[in-house]
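K.L.:
What follows is each chain in one-letter form.
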Amino acid sequence: DTEVTQTPKHLVMGMTNKKSLKCEQHMGHRAMYWYKQKAKKPPELMFVYSYEKLSINESVPSRFSPECPNSSLLNLHLHALQPEDSALYLCASSQGGTDTGELFFGEGSRLTVL
Amino acid sequence: GEDVEQSLFLSVREGDSSVINCTYTDSSSTYLYWYKQEPGAGLQLLTYIFSNMDMKQDQRLTVLLNKKDKHLSLRIADTQTGDSAIYFCAPKAPGTALIFGKGTTLSVSS
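Chains as they are written, first to last, in the numbering used here: chain A, 1 to 114; chain B, 1 to 110.
Honestly, the hints are just simulated from the structure, not real lab data.
Yeah, the Cβ is synthetic: ideal placement off N, Cα and C, and Gly gets one too.
Check the hints yourself; a few may be wrong.
EDC-like, lysine to aspartate or glutamate: derived pairs with alpha carbons at most 20 Å apart [claimed, not checked]:
id : chain 1 : residue 1 : chain 2 : residue 2
1  : A       : LYS40     : B       : ASP3
2  : A       : LYS40     : B       : GLU5
3  : B       : LYS102    : A       : GLU44
4  : A       : LYS41     : B       : ASP54
5  : A       : LYS36     : B       : ASP3
6  : A       : LYS36     : B       : ASP83
7  : A       : LYS38     : B       : GLU38
8  : A       : LYS40     : B       : GLU14
9  : A       : LYS38     : B       : ASP78
10 : B       : LYS102    : A       : GLU102
11 : A       : LYS41     : B       : GLU2
12 : A       : LYS41     : B       : ASP69
13 : A       : LYS40     : B       : GLU38
14 : B       : LYS56     : A       : GLU44
Residues on chain B that point at chain A, a partial pick, calculated with CB under 10 Å [stated by the list, open to error]:
id : residue
15 : GLY15
16 : TYR31
17 : TYR33
18 : GLY40
19 : TYR48
20 : LEU64
21 : ALA77
22 : GLY82
23 : ALA90
24 : PRO91
25 : ILE99
26 : THR105
27 : LEU106
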């Protein structure tokens with residue numbers, strides 16, 4: 001299994017809603033990442049978990065809350081988002097820690113905030 | 001921090017070669033990656049080169065690295081319509097996260 005699976009593929013939420021994005025991999029990778037991608041822009045790193053510990057937080061607003069329940073799962077909890085948070089949210093994983101740039105990406109969750 | 005520049009758009013005809021260029025600023029980058037993103041999809045690692053190499057060939061893909069000028073290029077031979085996508089250059093320095101260039105949109109016409 002060489003896949004990173006993200007759910008849901010599409011999510012529409014209001015600014016007062018609470019929702020979560022989920023990411024799963026069964027490749028035994030020990031680093032997992034959240035990236036945010038706006039249209040016609042490169043992915044921007046949000047968070048990195050290495051060996052289930054948060055190792056990088058790129059000054060992301062607290063309305064985004066990551067969680068890594070175990071080495072195979074990564075969640076992104078969303079609360080009180082703004083319309084400008086609408087984007088494609090990409091999850092990725094890498095073998096070992098974060099020293100490698102060989103990332104495996106999921107297909108993304110497209111989020112629309114109304 | 002790292003600054004990565006790419007030309008935004010490239011248009012070629014099917015069967016021609018495509019060359020996508022990238023410049024970066026962090027001379028401590030040890031690995032330099034090329035990722036491909038097809039419409040509506042995530043990113044896929046295409047190839048990479050170690051910083052002590054000048055060239056790497058992988059089937060239709062050739063990566064050239066000029067470390068002195070911090071210039072990286074990706075050549076796709078015999079470009080096909082299925083190669084139409086956005087290509088991201090991503091240098092990686094030790095202890096830092098992967099940073100993507102702005103991406104080059106490759107359009108292949110038949």
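K.L.:
Work down the list of hints and note, for each, if the structure agrees.
P.N.:
Evaluated hints:
Restraint check for LYS40/A and ASP3/B: the C-alpha separation of about 18 Å stays at or below 20 Å, so the hint holds. Pair hint LYS40/A plus GLU5/B holds up; C-alpha atoms about 15 Å apart against a cutoff of 20 Å. For the hint linking LYS102/B to GLU44/A, the alpha-carbon distance of about 10 Å falls within 20 Å, and the restraint holds. Distance hint between LYS41/A and ASP54/B is unfulfilled; the C-alpha atoms sit about 29 Å from each other, more than 20 Å.
This hinted pair checks out: LYS36/A and ASP3/B have alpha carbons roughly 18 Å apart, not beyond 20 Å. A threshold of 20 Å between alpha carbons decides the hint, and for LYS36/A with ASP83/B the separation of about 24 Å lies outside it, so the pair is violated. Distance restraint check for LYS38/A and GLU38/B: the Cα-Cα separation of roughly 15 Å lies within the 20 Å cut-off, and the hinted pair is therefore satisfied. For a cut-off of 20 Å, the pair hint linking LYS40/A to GLU14/B is broken: about 24 Å separates their Cα positions.
Restraint check for LYS38/A and ASP78/B: not satisfied, since their Cα atoms lie roughly 31 Å apart, outside the 20 Å limit. Between LYS102/B and GLU102/A, the direct Cα distance comes to roughly 18 Å. Compliance with the 20 Å bound is thereby established for this hinted pair. Only pairs whose Cα atoms come within 20 Å are accepted, and LYS41/A paired with GLU2/B is accepted, the gap being roughly 16 Å. Proximity of LYS41/A to ASP69/B is assessed by CA-CA distance (about 25 Å); at most 20 Å being required, the pair is judged violated.
The suggested pairing of LYS40/A with GLU38/B holds, with an alpha-carbon distance near 12 Å, which does not exceed 20 Å. A C-alpha spacing of about 27 Å is found between LYS56/B and GLU44/A, which places the hinted pair above 20 Å, so the restraint is violated. Below 10 Å, beta-carbon pairs count as interface contacts, and GLY15/B has none with chain A, the closest being about 27 Å; its hint is therefore violated. About 5 Å separates the beta-carbon of TYR31/B from the nearest beta-carbon of chain A, less than 10 Å, and the hint is met.
Below 10 Å, beta-carbon pairs count as interface contacts, and TYR33/B has one with chain A at about 5 Å; its hint therefore holds. Satisfaction of the interface hint for GLY40/B is found here, the shortest Cβ-Cβ separation to chain A being roughly 8 Å, below the 10 Å cut-off. At about 7 Å, the closest approach between the beta carbon of TYR48/B and any beta carbon in chain A falls short of 10 Å, and the interface hint on this residue holds. Hint status for LEU64/B: violated, given a least beta-carbon distance of 18 Å to chain A, over 10 Å.
Against a cut-off of 10 Å between C-beta atoms, the interface hint on ALA77/B is violated, since the closest Cβ of chain A lies about 23 Å away. Hint status for GLY82/B relative to chain A: violated, with the closest Cβ pair at about 18 Å, above 10 Å. Taking 10 Å as the C-beta cut-off, the interface hint given for ALA90/B holds, the closest approach to chain A being about 6 Å. Interface restraint check: PRO91/B against chain A, minimum CB-CB distance 8 Å, threshold 10 Å, status holds.
Here the hint on ILE99/B is kept, as its CB sits about 8 Å from the closest CB of chain A, short of 10 Å. The closest approach between the C-beta of THR105/B and any C-beta of chain A is roughly 8 Å, which is under the 10 Å cut-off, so the hint is satisfied. At its closest, the beta carbon of LEU106/B sits 14 Å from a beta carbon of chain A; the interface hint therefore is violated under the 10 Å criterion.
When each numbered hint is compared with the structure, violations occur for hints 4, 6, 8, 9, 12, 14, 15, 20, 21, 22 and 27.
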